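**Q** Sequence order for the protein chains is A and B. The working numbering numbers the first residue of the first sequence as 1 and each following residue consecutively. The working numbering numbers the first residue of the second sequence as 1001 and each following residue consecutively.
Simulated from the structure, these hints should not be mistaken for laboratory data. Everything numeric in this text was worked out from a predicted model, so none of it was measured. By construction, the Cβ of each residue, glycine as well, lies at the ideal position given by its N, Cα and C atoms. Certain hints may be false.
Far from chain A, some chain B residues (derived; all Cβ distances over 12 Å) [as the list claims (entries may be wrong)]:
#1 Leu1020
#2 Phe1056
#3 Ile1089
#4 Asp1213
In silico DSSO-like links for lysine-lysine, alpha-carbon gap of 27 Å or less [what the hints assert, rightly or not]:
#5 A:Lys621 <-> B:Lys1287
#6 B:Lys1287 <-> A:Lys746
#7 A:Lys459 <-> B:Lys1062
#8 A:Lys459 <-> B:Lys1197
#9 A:Lys746 <-> B:Lys1197
#10 A:Lys746 <-> B:Lys1278
#11 A:Lys124 <-> A:Lys55
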Amino acid sequence: MSLTRSTLWVGQSLPRVDAPGKVTGETQYSGDLSMPGMLQMKILFAGRPHARVVKIDTTQAEAAPGVVAIFTAKDVPVNEYGLQWNDQPVLCGRGQGEKGSRVAPDVVRFIGDQVAIVVAETEKAAAHARDLIHVEYEELPAVFDPLAAMQPGAPLVHPELGDTNICVHDRLRKGDVEAGFAKAEVIVESEYFTPVQEHAYLQPEAGLAYIDEEGRVTIKAGGQWTHTDRAQIAHALGVSDEEVRVIYPAIGGAFGGREDMSVQIVLALAAWRLDQLGVRRPVKIVWSRKESIIGHCKRHPMRLRAKWGASKDGKLVAAETEIIADGGAYMYTSNKVLGNTTITSTGPYFIPNLKTDVYGVYTNNIPSAAFRGFGAPQALFMAEMQMDKLAEKLGLDTVEMRRRNALRDGDTLGVGTPVPGPVSILHCIEAAAQHAGWEKEPDGWRNVKRENVQPANLKRGRGFACGFKNVGFSFGYKENSWARVELHGDEEIEGVVAAHAGAEVGQGTHTVMVQMVAEAVGVPLEKVTLMTSDSAGMGNPGSASASRMTLMAGNALKGAAEAALAKWEAEERPAIAEYTYRAPETTPFDKESGYSTPNFAYAYVAQAVELEVDTETGFIKILRVVSADDVGQAINPALVEGQIEGGVVQAQGYALMENFITRDGYVLTDQLSTYLIPTILDIPDAVDSVIVEVPSPIGPWGARGLGELPFLPLAAAIAAAVHDATGVWFDELPLTPERVLRGLGKI
Amino acid sequence: MTINTHPTLPEFEYVRPETLAEASEFLTRYPGEARPFLGGTDIFVRMRDGLITPNFLVDVKKLDGTNDLRFEPQAGLTLGAAVNMNRVIASREVQAHYPLLAEACRSVASYQLRTRATVVGNICNASPAGDTIGACLVFNGVLHIHEVNGLRQEPLAEFFLGPGKTTLKPGDIVTAIHLPLPPKGCAGVYLKLGRNKLSDLSLVGVTALGHPDPSLPSGYRFRLALASVAPVPLVPTQAETYLANQPITPETIREAAHLAAEACAPIDDLRGSARYRKEMVRNLSAKALSEVWEKLK
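Kindly produce the complete structure, drawing on both the sequences and the hints.
**A** This is the structure we're talking about:
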């Protein structure tokens, strides 16, 4: 697995390039920005799940002290937006913007829909005026349960889009499921429930908008993909992309939650309309935590039903799966998320006969969208639990069961085409198992049992689970990423200026980019300057998502560096080259069978968990997590470990603690004191990162992707360990102390 | 539905009177508008969330005696209102004579917060979840209150009227809590269950104190105080009386824990169900009493 040549910078655990600024507090996040003459903005949220805006009266608010302007639907040129479909109004209400709009702009479809914006001299004045806006609503019947929303006659969230709330239906049909089950020695049928998860990034949404020196509406607000932010803003304003500029300041976490719009379009609208009124002043907004929690998307909650069969020798023979996901009020990225749920619902295993149906359903809940793992954690919770239950019925060790079914090179996936190789799930399984204390014996892997030396109420258990996921965009998207490299100097290269607009959301991508540029050009790290995240003058980077940035940006920067070096050789000074890396092509699902080549690369992970269940309180303490992640080539091993530890902790919160409670579309856990995430005292005693490096043939220096991997299998590994400790299967997350005690029959 | 909270604090006027009399007078002049202000760890959160909108915060931290942490071998401990919890935890006298109080303080939020948070503030907040209230109750704490007409003393056991409600009237300022000398040979424990280990409010909190008492049939007196299971911090007297009259055994401890669980009236809320809380009172009371008994034996 070693590199074919020795490397200077790739593979080194170097300090982050953004560390000094962040540690000293010099770095500015969106909320820290300020400009002379800046105005403050507040948003009036609908605060109701389903209603029609009948009338908006702003007279009183406009007369309030300090108010500069109030904007509503009538000020939005094209009142619709969306990353996948334009099914959401920018501001709910009637106005000029419904021309050509696919959806009724005057309908509120969840509590976080925006109705009006107030721009004022101070935050207090803006808030005061916002509360003086009178909106008359006609309440509409709402639907909150996706199963009820699927029924004929259910209230429709988007009646103009069709006579059903089902907005996604993916199917896999492979082999003959009935014939497959006929060969099964054991069959396991179960129903699983996975919860909503809030991104809970440290930095709530915030931003600043102004007209730049070239007259462009400029928005400084954290996001994940400069160019789609820009496209959505431009669409709503009815202007060209070039008239809008998106710049990313430092971003305090994203995890998928910043892929869709929050404050960007309304900020742009405010600065742009003010300018037309002769007021050229910057506009700023900072959301409170409550506004953030009701105002941005969440992880899809799902109900997953599975019937899986295995032969006597532990080989999977057939799987029938039905998954229903709550998409919430708007599409956001549900179609892509659920496509990924569909693919990963087999686990990283070969299953010859498949029948899979995955539905996404509109409801009047907060929209569901991207969140680290992008639909895979839910599917893998189901798949991995099925594997454990089958193993138990067959009397097989859980690791051995997985080894027997793991995808091998040349195997076909559920979509009917071979998995792009090399497939490394077996490497991950063996690395994690060995590290966690399983032993390889002639007849297979065995979990070495330990004595329980704890007090009687503390039960220890061990669990194991696997995961896999695409790296890069899927389903026929022309996946690409742009970069520019400039080589300055005369006799020798004195300075390298690299440009890539990929978002640094805390994962360390800028550091990795600098390392890869220095490596590609062959210069010391200090010579590299990185220009980042400005849609003006930079090509499309693609999103900081799908675990793709290292692979895509790395190939783009490497290509640009090589082209620049060629020009350097040809005596060009400075030598400047742009390069767009284009990934291998993919194809969308066939509607009936799912047949496709949906992805060009995958990455793999296996995890083992050791934990302790307190059978008196129901609390679970994670003692150790072993996470073996195949990253192809670790560009910066310390950052890889950071990503693994962060992913594990976030997944631990998902599995055990994070309990998002809503009632009729209203969020009851709308603060971080009611919606809890793990603290430093709650995290595992130890996280052992095992970095597996099976190079990808298309990755830069063999790198695959990482960001989502460590999140994927943890919930299933925890549930397996709880079963090992208590003998009880828990098929619903999160495993709160109460749920555990109920499962144990104690309350 | 309140979703439009402030990312920062709303505006208010900070008032720092020179004397207690001046402070009481100001608070009386602006009832409902002015509030006494100690560490602010609760007030600021509630102001940010728009739950309260005081125009004046009256800082009483520099006033007579509010900074005193004084132990008198004949009288006991007097804890000024402005003494923060980290000072309580670090005090040698508290550690020596009231380790239970230090333990309870340590369970509150995080170190940073405890630099601001005070025991008296925790009491005046009158949250049933208050972590330090139980220790003050089982030590028979007495509040020193400055009012417009002078001073009064009030037993802590009679202070709480409901969630957030106390006997305090406008102009009243609690200047200190006094804990009498601890009973000879006592041992105590505070067990707190929160959804996380660092910052959550108690889902259930159990304070237990025990000491030898030859006047009782069992030879020992046990005190219990329960957090987060009733509208006010709760003392389950039936359980205490039971252990005063029965020989102390694992069985009688279990029965006392059962009586404690029966005495509480928890609610269902976002943090947990009433059913779970009741069960936890049973388990944690049994555990707390057993641990205390182990220390006494």
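**Q** With reference to the structure, classify each hint as holding or not holding.
**A** Going down the list of hints, with the structure as the test:
no. : hint                   : result
1   : Leu1020                : holds, 33 Å
2   : Phe1056                : holds, 17 Å
3   : Ile1089                : holds, 17 Å
4   : Asp1213                : holds, 30 Å
5   : A:Lys621 <-> B:Lys1287 : holds, 19 Å
6   : B:Lys1287 <-> A:Lys746 : holds, 17 Å
7   : A:Lys459 <-> B:Lys1062 : violated, 52 Å
8   : A:Lys459 <-> B:Lys1197 : holds, 20 Å
9   : A:Lys746 <-> B:Lys1197 : holds, 23 Å
10  : A:Lys746 <-> B:Lys1278 : holds, 12 Å
11  : A:Lys124 <-> A:Lys55   : holds, 25 Å
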